[in-house]
Structure formats: C-alpha cells, structure tokens
Amino acid sequence: MSKIEKVLVTGKTHTTQVKAGDVHSKVNLKLSATGGAKEIAFDAVLAHPTAEQLFAGAWSGCYSLALNLAASQARVQLPADTSVDIEVDLGQTGEAYFLGARLTVNLPGLEQATASALAEAADKICPYSKAVHGNIDVAIKAVV
Amino acid sequence: MSKIEKVLLTGKTHTTQVNPGDVHSKVNLNLSGTGAKAYAFEAVAAHPTAEQLFAGAWSACYIGAVSIYAASIGVQLPADTAVDIEVDLGQTGDEYFLQARQTLVVPGLPLDVATEIAHGADKICPYSKATLGNIDIALNVIV
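Quick note, the sequences are listed as chains A and B, same order.
Sequence positions in the first sequence follow my numbering and run 1 to 144.
Sequence positions in the second sequence follow my numbering and run 1001 to 1143.
Hint data in this document are derived by calculation from the structure and do not stem from the laboratory.
Any given hint might turn out to be false.
Unchecked claim - With a Cα cut of at most 30 Å, we get these calculated BS3-like pairs of lysine-lysine:
1. B:Lys1123 - B:Lys1003
2. A:Lys38 - B:Lys1037
3. B:Lys1026 - A:Lys38
4. B:Lys1129 - B:Lys1006
5. B:Lys1006 - A:Lys124
6. A:Lys30 - B:Lys1026
7. A:Lys141 - B:Lys1006
8. B:Lys1003 - A:Lys124
9. A:Lys6 - A:Lys30
10. B:Lys1123 - A:Lys26
11. B:Lys1003 - B:Lys1037
12. B:Lys1026 - A:Lys6
13. B:Lys1123 - A:Lys3
14. B:Lys1123 - A:Lys124
15. A:Lys38 - A:Lys3
16. B:Lys1026 - A:Lys141
17. A:Lys30 - B:Lys1037
18. B:Lys1037 - A:Lys26
19. A:Lys3 - B:Lys1129
20. A:Lys3 - B:Lys1026
21. A:Lys19 - B:Lys1129
22. B:Lys1003 - A:Lys3
Claimed, not checked - Ranges between beta-carbon positions, derived for each pair:
23. A:Ala117 - B:Gly1108: 49 to 57 Å
24. B:Ile1068 - A:Arg75: 48 to 56 Å
25. B:Ser1072 - A:Ala80: 50 to 58 Å
26. A:His133 - B:Asn1019: 24 to 32 Å
27. B:Asp1112 - A:Thr114: 52 to 60 Å
28. A:Gln112 - B:Thr1034: 24 to 32 Å
29. A:Gly94 - B:Asp1112: 23 to 31 Å
30. B:Lys1037 - A:Asp137: 23 to 31 Å
31. B:Gly1074 - A:Leu8: 42 to 50 Å
Said to hold, decoys possible - Chain B regions said to be covered by chain A (calculated; three or more residues, Cβ under 8 Å):
32. 1012-1018
33. 1050-1058
34. 1127-1139
C-beta atoms are modelled at their ideal positions from N, C-alpha and C, and glycine is treated no differently.
Only chain A is shown next, with the shape it has when bound in the complex (with noise of 0.2 Å):
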C-alpha cells in the first residue's frame, strides 16, 4: 500500500437509512466534493445495485482518462469512438458478500495487441484497479 503524499481531489458523502437498523431500509446518499463539483443527491434509493452502478461509474470516469495517459506515453492515437464498459457484481460465497467486475474497452480499429497492451497499462495507472487489486476477481476485456 502507498501513502498519498499530496491530494488531489475529494469526494465527500453523508448517507443515512430511511428505517435505521432495517437491513432492508432505502438509503438516502446525498454527494459533494471538493473541487468545485456540485453535489449530487440521491433520495431513498435501494443500496443496492445503486452502490455497484455508482461504482462501476467512479471506476470508469478514472480508468477512461487512464485509458488517455497511456495511449499517449505508448503514442498511440485513440479512435473518437473509444469507449470503456464495466460491469460490477456484488455476489455472495456462502454467507459473505464479495465484488467481481468485468472491464470491456472499446477500441475500434486499433490492433488487438495494442489495444490489449493499452487496457492493461491503463489497469496499472488507474487507482480504483489499484485500491481493489488482488482483493476481487477482475476481467480485462479490449475490444477492437
């Protein structure tokens, strides 16, 4: 594990139940950031699959821009339809709950290697691969 040495960015939340204690009880998640981004709220929705949607999404925002920096340190030009697909399971062994995802990165027109090659570099920049590597399955999928 690395120490951030100077941030960035944060993102701030405040989630409380709609019937405290009910493990089935709505959430309401209401969502601000430092940054100057404006807050986000969302009124009693069910955690769940709203929590793997929101982050697939944080997960996807960071990798695309990852998907970015390496193309350009291997000097490879994206194609204007690039796009990043991530899907996020929550799923149970036995009693305990776990995460998997799948990443699908859209290259069209790319070669498969180094549209593959770009996948996997952006896996090692992007912090959300990093902050769940080797704790959940992760599937690494470059479409071309």
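Start from chain A and add chain B according to the hints.
Below, chain B without anything else, positioned relative to chain A:
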C-alpha cells in the same frame, strides 16, 4: 481473494469521452443496472465526480452492513444513524492513489459498542473488503 459463487446484482456503466486521448477530457457516464433506474452524467470532469460516486457506493453498502452487524449483536441503532465517507484522489511521485476516511455516526450509543459495530460492519461490507490493504483507510465513530 474469494470468488463469487452466486451473483446477486450487477451495476453497469458505459463511458465515453468528449475528446478521446485528451487526459483532461470530460466524460459521459451512463450508469444502469439490473433492476435499477439508469443515471446519466453528461460530460462531467472525471474527478472528483469519480470520488463522489465511489464514496456513495461504499457508504450505501456500509450502512447496510452496519444494520446487519447491529442486528447480529442485538443493538438497536438510533434513528439518526449516518455514515460519512470521504475519498481522496492523490499523488505520490507520478503515481495516483486513493485513500479514505469513514465515520459512523450513532448518537447515544456507548462508544465501545459503536466501535465494535463500525469494525464489525467493515468486515461484512464488500467495498471495505475490496480495498483492504490496498488503500489507506481511517475508521472513526461519533456517538
């Protein structure tokens, strides 16, 4: 790392960039999921939106884990129970990393009970488990 035997739910995203290849490009986030309504964020800056969304995911799951753990030890949670999570994106040298601060607010509970619930829930919540040992996490309780 434990493999999932049974998938309960899946959150899906489709993300594009306004200017692919531009590291400061805004992104279009399309969030959907099995059995959930879709949320769209058109052309937002990736950060700190990503950190907001991740903190939101974690806190929604963690507060459910708090309920599960409290019920397992027969503790009634106060009606004004809340969870505050802050996720930082930061740099060390040229590399990017995350760190987080989690605060469980359970007004009126004894501090030792609140602390036990905070740590017990941390062992249940799959987001806490997914990041365990990989990012710096501070867990606090307020009673």
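Evaluation of the provided hints:
1. B:Lys1123 - B:Lys1003: It holds: about 17 Å lies between the C-alpha atoms, which stays within 30 Å.
2. A:Lys38 - B:Lys1037: Holds - the C-alpha atoms of B:Lys1037 and A:Lys38 are around 21 Å apart, at most 30 Å.
3. B:Lys1026 - A:Lys38: Roughly 15 Å separates the two Cα atoms, so the pair holds.
4. B:Lys1129 - B:Lys1006: 17 Å, holds
5. B:Lys1006 - A:Lys124: 28 Å, holds
6. A:Lys30 - B:Lys1026: Holds. A:Lys30 to B:Lys1026 sits at ~22 Å (cutoff 30 Å).
7. A:Lys141 - B:Lys1006: 22 Å, holds
8. B:Lys1003 - A:Lys124: Within the cut-off at roughly 22 Å; holds.
9. A:Lys6 - A:Lys30: Within the cut-off at roughly 25 Å; holds.
10. B:Lys1123 - A:Lys26: Status holds; Cα separation ~21 Å.
11. B:Lys1003 - B:Lys1037: Cα-Cα ~27 Å, so holds.
12. B:Lys1026 - A:Lys6: Cα-Cα ~23 Å, so holds.
13. B:Lys1123 - A:Lys3: Judged against 30 Å, a Cα distance of about 22 Å means the pair holds.
14. B:Lys1123 - A:Lys124: 27 Å, holds
15. A:Lys38 - A:Lys3: Judged against 30 Å, a Cα distance of about 28 Å means the pair holds.
16. B:Lys1026 - A:Lys141: 23 Å, holds
17. A:Lys30 - B:Lys1037: Given pair A:Lys30, B:Lys1037 holds - Cα atoms ~17 Å apart, limit 30 Å.
18. B:Lys1037 - A:Lys26: 14 Å, holds
19. A:Lys3 - B:Lys1129: 18 Å, holds
20. A:Lys3 - B:Lys1026: With a Cα-Cα distance of about 27 Å, the restraint between A:Lys3 and B:Lys1026 holds, given a limit of 30 Å.
21. A:Lys19 - B:Lys1129: Roughly 25 Å between the alpha carbons, so the hint for A:Lys19 and B:Lys1129 holds.
22. B:Lys1003 - A:Lys3: 28 Å, holds
23. A:Ala117 - B:Gly1108: 49 to 57 Å: 55 Å, holds
24. B:Ile1068 - A:Arg75: 48 to 56 Å: 50 Å, holds
25. B:Ser1072 - A:Ala80: 50 to 58 Å: Given range 50 to 58 Å: holds, Cβ gap about 52 Å.
26. A:His133 - B:Asn1019: 24 to 32 Å: 29 Å, holds
27. B:Asp1112 - A:Thr114: 52 to 60 Å: At roughly 56 Å between Cβ atoms, A:Thr114 and B:Asp1112 fall inside 52 to 60 Å, so the hint holds.
28. A:Gln112 - B:Thr1034: 24 to 32 Å: 30 Å, holds
29. A:Gly94 - B:Asp1112: 23 to 31 Å: Roughly 29 Å apart at Cβ, these two residues keep to the hinted range, so it holds.
30. B:Lys1037 - A:Asp137: 23 to 31 Å: 27 Å, holds
31. B:Gly1074 - A:Leu8: 42 to 50 Å: 43 Å, holds
32. 1012-1018: holds (count 6)
33. 1050-1058: Contact hint for the segment 1050-1058 of chain B vs chain A: holds, 9 residues under 8 Å.
34. 1127-1139: holds (count 9)
Against the hints set out earlier in the document, no violation occurs for any number.
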